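Each residue of the sequence shown is one higher than the one before, counting from 13 in the numbering used here.
Source of the hints: derived by calculation from the structure; they are not laboratory data.
You may find that some hints are simply not true.
[Said to hold, decoys possible] Each pair of labels, with its calculated beta carbon distance range: (1) F41 x V71: 42 to 48 Å; (2) P64 x R34: 43 to 49 Å; (3) C42 x Y69: 45 to 51 Å.
Computed from a predicted structure; not experimentally measured.
Where a beta carbon is used, it is the ideal one built from N, C-alpha and C, also for glycine.
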Amino acid sequence: MEYPSRKKPFFKRPRKVSLSQRYPKTSYFCIVGFSVLVLFSRPIYDMIFRPPTVDPYAVDAETLKKIANRSRSVPSIF
Numbered sequence: 013m014e015y016p017s018r019k020k021p022f023f024k025r026p027r028k029v030s031l032s033q034r035y036p037k038t039s040y041f042c043i044v045g046f047s048v049l050v051l052f053s054r055p056i057y058d059m060i061f062r063p064p065t066v067d068p069y070a071v072d073a074e075t076l077k078k079i080a081n082r083s084r085s086v087p088s089i090f
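Make the full structure from the sequences, and use the hints.
Right under this line is the structure:
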């Protein structure tokens, strides 16, 4: 007696493929973007939030006093 033939499955289960294989460009740019963010986060923060440093030898005495007085009057968070 023969065995009954098995029914064909309704859908085939896809092979497990990692996301880096499925989307190689996206994975690459995510890694590069994240590393750039980590490397340059401090300089970008400094450019946005830190005041520029003043060279004391390039500025005359009166302007230097004004800058010093202004920095004393404004409370600093850091």
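Hints versus structure:
1. In this structure, F41 and V71 meet the distance hint of 42 to 48 Å, their C-beta atoms being roughly 45 Å apart.
2. At roughly 46 Å, the beta carbons of P64 and R34 sit within the given window of 43 to 49 Å.
3. About 46 Å separates the C-beta atoms of C42 and Y69, a value consistent with the hinted range of 45 to 51 Å.
When each numbered hint is compared with the structure, no violation occurs for any of them.
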